[in-house]
Each structure stands twice: as structure tokens, then as C-alpha cells.
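Order-wise, the sequence lines are chains A and B. Per numbering that gives the first Met the number 0, the very first residue in the first sequence carries number 0; after that it's consecutive. Per numbering that gives the first Met the number 0, the very first residue in the second sequence carries number 0; after that it's consecutive.
Any given hint could be a false lead.
[Unchecked claim] Heads up, incomplete: computed chain A residues facing chain B, CB under 10 Å, no partners named:
1) Pro37
2) Pro64
3) Cys80
4) Ala89
[Unchecked claim] Label-pair distances were calculated between CB atoms; the ranges are:
5) B/Ala99 x A/Leu75: 24 to 34 Å
6) A/His33 x B/Pro265: 14 to 24 Å
7) A/Cys22 x B/Asp127: 42 to 52 Å
8) A/Ser67 x B/Gly313: 39 to 49 Å
Derived from the structure by calculation, the hints contain no laboratory data. Owing to the predicted nature of the structure, the values given are computational and were not obtained by experimental measurement. Note that the Cβ used here is the ideal one computed from N, Cα and C, for glycine as well.
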Amino acid sequence: MVTGWFAGEGDDFRLLGTRCSACASVFFPREDHHCRNPACLGGELVEIPLSRRGRVWSFTDSRYPPPSPYVTDPELPWEPCAFIAVELEAERMVVLGQAAPGITVADLAVGLEVEVVPGVLHEDAETTWTTWHWRPTGVTGVTGVTGVTA
Amino acid sequence: MTKEVAVLGAGMHPWGKWGRSFVEYGVAAAREALADAGLEWPDIGAIIGADTVRGGYPGYVSGAAFAKALGWQGARVGSVYAACASGAQAIDAGRAQILAGLADVVLVVGADSAPKGFFRPAGGDRPDDPDWLRFRILGATNPVYFGLYARRRMAQHGDTPDDFAQVKVKNSAMGALNPHARYRSRVTAEEVAASAVVADPLRLLDICATSDGGAAVVLSSMEYARRLGQAEPVRIRAVATVTPRYPNTVLDLPDIATDSAGAVEPAGETFRRSIARAAYEEAGVGPEDLSLAEVYDLSTALELQWYEDLGLCGEGEGVKLLRDGATALGGRIPVNVSGGLASFGEAVPAQAIAQVCELTRQLRCVAGDRQVVGARVGITANQGLFGHGSAVIAVR
Numbered sequence: 000m001v002t003g004w005f006a007g008e009g010d011d012f013r014l015l016g017t018r019c020s021a022c023a024s025v026f027f028p029r030e031d032h033h034c035r036n037p038a039c040l041g042g043e044l045v046e047i048p049l050s051r052r053g054r055v056w057s058f059t060d061s062r063y064p065p066p067s068p069y070v071t072d073p074e075l076p077w078e079p080c081a082f083i084a085v086e087l088e089a090e091r092m093v094v095l096g097q098a099a100p101g102i103t104v105a106d107l108a109v110g111l112e113v114e115v116v117p118g119v120l121h122e123d124a125e126t127t128w129t130t131w132h133w134r135p136t137g138v139t140g141v142t143g144v145t146g147v148t149a
Numbered sequence: 000m001t002k003e004v005a006v007l008g009a010g011m012h013p014w015g016k017w018g019r020s021f022v023e024y025g026v027a028a029a030r031e032a033l034a035d036a037g038l039e040w041p042d043i044g045a046i047i048g049a050d051t052v053r054g055g056y057p058g059y060v061s062g063a064a065f066a067k068a069l070g071w072q073g074a075r076v077g078s079v080y081a082a083c084a085s086g087a088q089a090i091d092a093g094r095a096q097i098l099a100g101l102a103d104v105v106l107v108v109g110a111d112s113a114p115k116g117f118f119r120p121a122g123g124d125r126p127d128d129p130d131w132l133r134f135r136i137l138g139a140t141n142p143v144y145f146g147l148y149a150r151r152r153m154a155q156h157g158d159t160p161d162d163f164a165q166v167k168v169k170n171s172a173m174g175a176l177n178p179h180a181r182y183r184s185r186v187t188a189e190e191v192a193a194s195a196v197v198a199d200p201l202r203l204l205d206i207c208a209t210s211d212g213g214a215a216v217v218l219s220s221m222e223y224a225r226r227l228g229q230a231e232p233v234r235i236r237a238v239a240t241v242t243p244r245y246p247n248t249v250l251d252l253p254d255i256a257t258d259s260a261g262a263v264e265p266a267g268e269t270f271r272r273s274i275a276r277a278a279y280e281e282a283g284v285g286p287e288d289l290s291l292a293e294v295y296d297l298s299t300a301l302e303l304q305w306y307e308d309l310g311l312c313g314e315g316e317g318v319k320l321l322r323d324g325a326t327a328l329g330g331r332i333p334v335n336v337s338g339g340l341a342s343f344g345e346a347v348p349a350q351a352i353a354q355v356c357e358l359t360r361q362l363r364c365v366a367g368d369r370q371v372v373g374a375r376v377g378i379t380a381n382q383g384l385f386g387h388g389s390a391v392i393a394v395r
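Excised from the complex, chain B in its bound form (with noise of 0.2 Å):
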């Protein structure tokens, strides 16, 4: 078990279009997070940036961006981009300067000016980049891959299109109690069904929108949190950021194909229960003990994937823990009580910063209507372009 790091601040600008530069919403988000952990931004010793490659030029080199809209300090920098998982490894890059002793206090930001529509690779003839490759030999876009995942559930597991259907159900309810959601309405199967087919069998309210938006925690050293008079914040004690193992089984954004297992047999997990296990793993509890989970529900399909590659139920069981009310709020382990992507949208360098702001709220319990009674073990889980994934587990 590593060493655990004191979340002091958590700080979000609403989920929305908002049409503005990603720098004032990572400020804002900044400036919210700081004001939470009742510091200065001068007290901070290091800031790290999740990427954007969306805004521009310095969109490249956040942390900076960031740093000199909040005011040159002379502060460490860092910048970290792995597509949807960057927010969980800009956090894994504070936690490490922290634990390396390079810095007390660390104030990690993401955020993003989407655009509208599908998310399409950078311009220009780049036959190198299989994200490139994808989209100009195939058309695949991301939902193209997320129809892939939801028909192949149907066929293994015979899940039903109402089924992933009932996921949005349940997380635009609670999204409904989240003031930082884009979506603040209820969404009935009904509604989900009468929606445009994107890509079969799923539709327009099976799939996350692009958003706008920013997410900002302010992490130290336990010894820190103590001389400022926190005896018991909030604390990280995982951060995952495992590779997949060769071969590679399951066809995953943004590859053509899978790895070949000609030639060596596959290991008995799949990358996502991986990124899981290693978190478990390195925070020394297990899926038993979780008050609650915020996982990327790009679409309702894979939220119960999830559920399966978490451990929360067995294989081929995620309709039914969804089925039986488990993961809702009042469940035995309510899922995206925050309304997740559903209610969010992508904005891709802050979401997994966000599902951080959301444990820290649940396990202060401050987070309201939608409390997560008793909540004390939270993990977060999702997934990037390339072979990047990600998991933090939080503990009060």
C-alpha cells in the first residue's frame, strides 16, 4: 500500500456550451478548489495541467496556461495529456511530486472547450496516427465503437436496448440533483427509445455529449493537511495507470484490430479489469468494501461493463445489479451518483478530475440531495485513447 495524499480542495465549472476558452473555465475551477481548501494561490507549490489539444496552441502546455492566467508565482509546472484519462494522470503526477517530497501542495486543473458534434483527429495527412487511420479508412467514430461493445452485450449477455435504456434513466435522475450538470432533467425510457438511432443499437441518449467545462482538486502531503488543522480530510490511496498486457483482446478506440493471440496465450483479464484490480490493489481493499463508484459512461452500454470489470457483479450480471436498484442512489452501491457523463458530457482533460471532486464531496458528505449515506470508499474509473485507463481510489 502506497502513502495516502490529503485532498484539501475540490472546484468545478458547470458542464455546459458555454463558448468561452478552456483557461477560464480551468481558472474558475482553480480558484473554487483553492477557496475550498482555504488557501492562497501562492501557497501552492507545484501545479500540474491536464491537456487540451482542443484550444489552441497553448492548449498543449496547461499547466502553464493556467499558471500564468492565475498569476506567474514561480510555482513547479507540469503538463500531462492521455486523452480521457489525462485528468487521472495529471492527478497521479501530483500525488507523486507529493510523495517524492517535491512539493507540499500541489493544484491540479482540466479543462476543455468542446467542440460540437463527433470528436474528429487533428487536420492534415497523418497516416501514422491510428486515430487518423480510423476515422479516413473507416468512418469510425467513437459511438461506431460503442455500438460495437452494446451489440456484442446483447449477443454474450442478452442485455436489451430498454436495459442500457434504464442507465440513463437512472443517471439523469440523479443528475437532476447536481448543480455543475449540464442535463438537469429526468429522462424516461420512453424518451430514450424515441431518440435517434446513432449507432445501432444505440441511441442519441445512450451517448455522452461534447461539453465545456472544468474541474480543479488542491492536494498536500498528510503532514501538510495536519499543520493546517485537517486531522481527517479526504484521501487518495490509489491512483491506477496500468498499460494493457500483450495481447490485447478486446477491439478498443482507436485500433483497427485487436492484438493477435497466435502466439501467446492472453492473461485472464481484460485491460479495464485491470486498471481496477491495480488500484484495488494498491489501496489494499476490494470491490466489497466501496460506498460508491463514478465510471465513464461514454454510453450506457459500457456503464455496465463497468460494473463488471469493477467487481461490483459477476460477468454478464451488470443488467442485473442495474435491474435490482444496486447501483442508484439508496443501492448498495450507487453508480454515477454525480449523473455522470449522462449529465455532464465530455470535456475530455476534466472529467476524470471531476469524478475526484465528486468522491471528495461524497465522502465529506456534503454532497446533498444526493448523498451517499455513510459513504467512507470511492473509486473512479476510465479510459483513454492509446492504451491509457486510469482509477483513483479515495478514502475518509
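Bound-form chain A, shown alone (with noise of 0.2 Å):
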């Protein structure tokens, strides 16, 4: 669906974003077209990796369904769905994204160390659409959180 926002396995799953070649500046969602620094005349945008880790601007919750075109399944009561804004330190931007399912809002501090996971955002009989989850620096799996608060 986002083609090109990240690639990789594991731990070499990594969010996709594009530099400039003439002001080096890095841009996620990936820009392809033109350079958006007003000072720049522009070069050309290559696609690189975002840094894996970075610490926690401030996270939240979403206690009620969202509407579409998010897709939830009616069916299913709703699960609280935490998103976590995160700093990048070498590229000095803000990045948000959902947490890991089992992180809540409990777990989390502003200034946390997290890192970028794969995740499933929906998937039916046919597709998995996949995306990407930011998960505490430590967590494995996705249970037993607790004590991960900073």
C-alpha cells in the first residue's frame, strides 16, 4: 500500500526515506520528486535506511475505534492502540507510528529508547497489508512488557 516506506527482516527491517544529493537533506514519508529544502536548487533524492533506534517525543492512545479508511474489524471489541512519536537522533526528526501490539501506554516515557519493528496493520483471506511498529529497546515478543517503563 506505501510502497517503498521500509524494507527488511527482523532486525534489518528499516524505515525507507530519501536524501538529497545536493543538501543532504532526508525526507520521510520518502519524497521522489524535488528536494523541499527553499534553499536548495536541487539534486538528486536517493532512497536510504532511517536509523533503527531513537527515543520517545511523547506517545498517546486511541481508546475508540478510528474511522476508515483505517480498517477494523467490527466484529471484535477494540483493543486501545498506542502510538509512540519518535526522535531520531542522526536525522534530527520526529517520526510517529503505532506501538507493538501488547505495548501500552503504561510502558512508555517520553525519552525512552524504542526501535522499528515490522507489524501487520490488517489482514484478510487474501492480503496481509504489512507496516512498520515501534517497539522499547529490550522487548522481545509480544507479551510480557511490563517493567519496561524508563
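Both chains come to you apart, so use the hints to assemble them.
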């Protein structure tokens, strides 16, 4: 659905952005047409992987199901979904994403280190839509997150 | 400093869930504004509509929709869409026509019939729309962003959920005095704390509702106002509609990420601050000159952010300003004496115009029980999606 926004498996999973070859500005979601730095005359935009790890800039959750075009199963009760806005040090930017399944706001704190992991946005009989999730570092699996709060 | 335009009339349709067409609300507001100005619709040289995309196809061309409903009379027409900043940009477009000499007197109208629940993007698969993307890929509603800002303030400045609740307590007390407001009962901090969490740490009563509503103003040249015998009308002295500066480093609706500051050092001020600065520079006034402010309290925590962005206090001092009572009626700089969006809810194309209606009443000293004594200078501040933000400064 969002071609070229992320790639890789397991520890090699990374968000993909682009970087201007003239001014080194980085863009995510990827910018493939024109560099958006107003002082740049424009260079080639080259795909680059973003940093795997960053620190929590802020976080929140959604206690009510979001409206379409978000896809939810109306047959199932809504499980609150946490969101993490992550500050990437090298890129000096903040990237928003859903927290990995099982991570709640109780597990999070501003400044906590998190890493990007592959995730599933939605699946039906024919298709699995993949996405990225943020997860506190040192946490594996989808349960047992107690104690990761910084 | 630019030349001024006069506000000859202000009118509103009460906010609520009325279930009627946005055109109906806009026409009611327009007729009230015309009556307030002492003018007839055929006197109007131009009409500018703030667009809605909620009401079906005619909403996209609201200037003409309102003009048709009022009766075609050959006026110059314009329509403006800028999300939540639509109303302010419609006022800016009307003002520009007056200052350019294209029209002597302009009617500016905004109205909407909002759906219940979360705002959502239009239908269809539209992956080139950042607003569609944040819903489809993340399920990130507007309150999710408000929750992020609120939590960030807690971490940075030590604000608490009770501090946020006190904004609602203040605004609901003032909204109780406003007959145009949708919610007219006082709310206690306990009631806020007892309401359901929507986006941690914000609760239902921290977040403004969606509503129907309409607002309109009649603007004219100063010369036209004098010809009508209005020697000292309320005047609009500034309308700031600036864009952000690259790199925009505060995560904002509807974006999934900020610009990177890796290659270009960010400007010393955030986008919201630049909106206020542009207005102050254009008007030749500063925050110390203000008698009142009307700001977009889409959430309680956001109102505190505006205090700082408007320069009413230093960074991180919003809660102290609130707790000191400075922003309540009778305080040094009352904020949202209309009751704010906390009492009105969002009727997107109408609300920035409604802010100017409130300034007009306050500066004329006809605001009744919620009058700010001796009001001389007022500012509005709002922000829409996609890099739109506006502030209006009016004086008497």
C-alpha cells in the first residue's frame, strides 16, 4: 500500500526515506520528486534507510476505534492502540507510528529508547498489509512488557 | 503597518447539532451580520464564503451557495478552503479586495454541518493525500495528535491532567454566559476527570466536539464606514496567514513525520509562534497591548500552548498563567471569553469567523455578562491542516 516506505526482515527491518544529493536533507515519507529545502536548487533524491532506534518524543493512545479508511473488524471489541512519536537523532526528525501489539501507554515514557520492528496493519483472507511498529528496546515478543517503563 | 478595514456587522447561527444544511446556518448568520451593519444584501459588493467539504458538492463553492440562497444580485464572489483556517483566510480575501479597491463592502460567511464523532477524510483510495494516509496507515485521529502534545507538555513542563481540566472549567464558565454557545453549563474538574479517556492523557471533556454552526462579518473600507456615519468602528488591523518555515520541526496534523533538521538549522520559532509574530508585526502591537484573545482550544492542553505561542507568558509558563487567573474573565488577559471551542465545538469554516464576531462584540463593549472591561485590542489564533494558520488582530 505504501510502496518503498520500509523493507527488510527481523533485525534488518528499516524505514526507508530519501536524501537529497545536493543538500543532504532527509525525507520521510519518501520524497521522490523535488527537494523541499527552499534554499536548495535540487539534487537527486536517493533512497536511504533511517535509523533503527530513537527516543520517545511523546506518546498517546486511541481508546475508540478510528474511522475509515482505517480498517477494523466491527465484530471484535476495540483494543486501545498506542502511538509513539520517535525522535531520530541522526536524522533530527520525529516519526510517528503505532506501538507494537501489547505495548500500552503504561509501558512508555518520554525519552525511552525504542526501535522499529515489522508489524501487521490488517489482514483478510487474501492479503496481509504490513507496516512498521515502534517497540521499546530490549522487549521481544508481544507479551511480558511489564517493567520496561523508564 | 497595513491599512485598516472596518467591521460593520457580525452575526452568528447558534452552534449545536441541528441537522440542517450548512447553507441555512450561513444565511442566518449573514442576515444577522447585515442587520447589525444596517445594510441590505444588495448593498454588498463582494461575498466570500469559507468552504465546507462536508455538505456535498455545493460546499466546495460556498461563496456562490450563500449568494444564491440570499438571492443573486451580481456581487463579486469568492470561496476559500483552508481547513480550520478557512474562516480567517476568507476574511483575509475580503479584506484584500477592500484594500485593493475592488469592493467597498464585503460579506464574509462560514458555516458547516459537521458529522458526529471523529472527523475523517473523504472516501476512496487516495494515497497522495497525507490526511488519508494518516488514517489508513496509522489510524491517527485528531485527538491522537492532541494527546501527543498534551503528553509532551507533561514531560517538558510538568503540566498535569488537572491543569488541563482547569482550562475546561474556565472556558465552560464563560461559555455559560454566551447565548450562541452549544454547551451552556459550567463543568467541574471532577467532571472532566470522570469523563472517558479518548487519547491518553486527554479525556472526552478535554477535547472539543464537532458541531453545526455559522458565522458572518460585514467588512468595509474606512471611507465607506465614515459615509455610513460610523466614525469609530471596530477595525481589523492585521490578518496573518503565513506558512511554516522549512524545516518544520513540530509534528503536526496530518503529517506522519516532521521535516528533518539534519541539513538545515531550524528557525528559532515554531510555526504557531510565527503566526502570532506576523500578526503583531502587521498590526504594530505586541502581546502587552492585548485586552483579550480567542484561540483554538481544540483540546484543553492546546490552549495552554497558545498562551506561550502568543507571547502572553514565557515558554512552559502557560499553567502558571492559567492558575493565576490571568486568562479568566477579570484577569490580565482573558482568553476565550466566548467559551471557546470547549463551549462551541467545531464547525470548521465558521469558527475563525466566530472568533472575530466575539472580538467585535467585545471591542464594541456589547458582550453583556462576559464583557472584558475597557477592551481595546484583541487577537484570534487558529490553525488548520496542511500548514495553514491564521491570526486576526482587531482594535477599537
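Outcome of the hint check:
{"no.": "1", "hint": "Pro37", "in the structure": "5 Å, holds"}
{"no.": "2", "hint": "Pro64", "in the structure": "8 Å, holds"}
{"no.": "3", "hint": "Cys80", "in the structure": "6 Å, holds"}
{"no.": "4", "hint": "Ala89", "in the structure": "7 Å, holds"}
{"no.": "5", "hint": "B/Ala99 x A/Leu75: 24 to 34 Å", "in the structure": "58 Å, violated"}
{"no.": "6", "hint": "A/His33 x B/Pro265: 14 to 24 Å", "in the structure": "20 Å, holds"}
{"no.": "7", "hint": "A/Cys22 x B/Asp127: 42 to 52 Å", "in the structure": "24 Å, violated"}
{"no.": "8", "hint": "A/Ser67 x B/Gly313: 39 to 49 Å", "in the structure": "43 Å, holds"}
Consistency note: the structure conflicts with the earlier hints numbered 5, 7.
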